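Colleague: The primary structure of each chain is shown beneath.
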Amino acid sequence: GQQVMQIPQYQHVQEGEDFTTYCNSSTTLSNIQWYKQRPGGHPVFLIQLVKSGEVKKQKRLTFQFGEAKKNSSLHITATQTTDVGTYFCAGRGSQGNLIFGKGTKLSVKP
Amino acid sequence: NAGVMQNPRHLVRRRGQEARLRCSPMKGHSHVYWYRQLPEEGLKFMVYLQKENIIDESGMPKERFSAEFPKEGPSILRIQQVVRGDSAAYFCASSLLGGSSYNEQFFGPGTRLTVL
Chain D
1 GQQVMQIPQY QHVQEGEDFT TYCNSSTTLS NIQWYKQRPG GHPVFLIQLV KSGEVKKQKR
61 LTFQFGEAKK NSSLHITATQ TTDVGTYFCA GRGSQGNLIF GKGTKLSVKP
Chain E
1 NAGVMQNPRH LVRRRGQEAR LRCSPMKGHS HVYWYRQLPE EGLKFMVYLQ KENIIDESGM
61 PKERFSAEFP KEGPSILRIQ QVVRGDSAAY FCASSLLGGS SYNEQFFGPG TRLTVL
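Chains as they are written, first to last, in the numbering used here: chain D, 1 to 110; chain E, 1 to 116.
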C-alpha cells in the first residue's frame, strides 16, 4: 500500500538555527499537505502543495514539492521556541483520506 | 464558528468494556475522518465517512471497531471489548470537500482513551 516516510524522526536545534524535514512517498502524489502538532495538541493544517516543483513560503517556513511529486520538504529559517512541535506531511489516499508520515519532532533550545 | 468537537476528551475504560467516541464536524462539513495516534507515533487513518455512508474503512480493524455518521447527530467511533492496546489518542477531522477535491482537514482536540 501507499506509504509516506519522513526523516528525521527527531531534531534538536538551538534557537536561531535552521531546520528541515523531508518527506518521501512510495507513489506519485496528487498533492501533499503539511500539518503541525504542538505537544499535547491536535494537528493543524499548514499548507497544501499541488504542482510539480511548487515552492510556497509562509514567513520563515518554506515548503517544496519535488519535480516527480514523490517528495517534499519543509524548511524553517531561524527557528524560534514557538516552532516546537511535530511536523507531519500527508499524502492523499485514493478515497480522499490522508496518509500521514510519522512526523519530525522538533525541539528548540533557547 | 465552532471547530471540530470531540467528546469526551479523556476516557478511561477497563478491559472488556465498550468505548464510544463522538465527533461533531465543523458546520457545513459532511466529510469525517477518524485517526488513531499512539504516543510518539504518527496518525494512522482508520475510517472515512460521509453522512450515512462509510467511504473507506481500510484502516479500521475488522473486529471490535465500528463507525457511523448518521443523518442527524455526531459521528461515533465505537470500540467493543477494549484491550490495553487500544489505549491511544483518537482524532477526528472534517473537511468541506472530499474525494479528489482539495480537502484541508480540520482536526478536533482528540479523545485520549486509556484502558486499564
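Rather than coming from a laboratory, the hints here were simulated on the basis of the structure.
A hint or two may mislead.
What the hints assert, rightly or not - With the C-beta cut set under 7 Å, the calculated list includes, among others, these residues of chain E facing chain D: (1) Gly42; (2) Leu43; (3) Phe65; (4) Glu72; (5) Phe91; (6) Glu104; (7) Phe107; (8) Gly110.
Said to hold, decoys possible - Which stretches of chain D does chain E cover? Using the computed rule of at least three CB atoms under 8 Å from a CB of chain E, they are: (9) 56-68; (10) 97-106.
Source: prediction; values computed, not measured.
Where a beta carbon is used, it is the ideal one built from N, C-alpha and C, also for glycine.
Colleague: Return the numbers of the hints above that this structure violates; sort them in rising order.
Modeller: 3, 4 and 9
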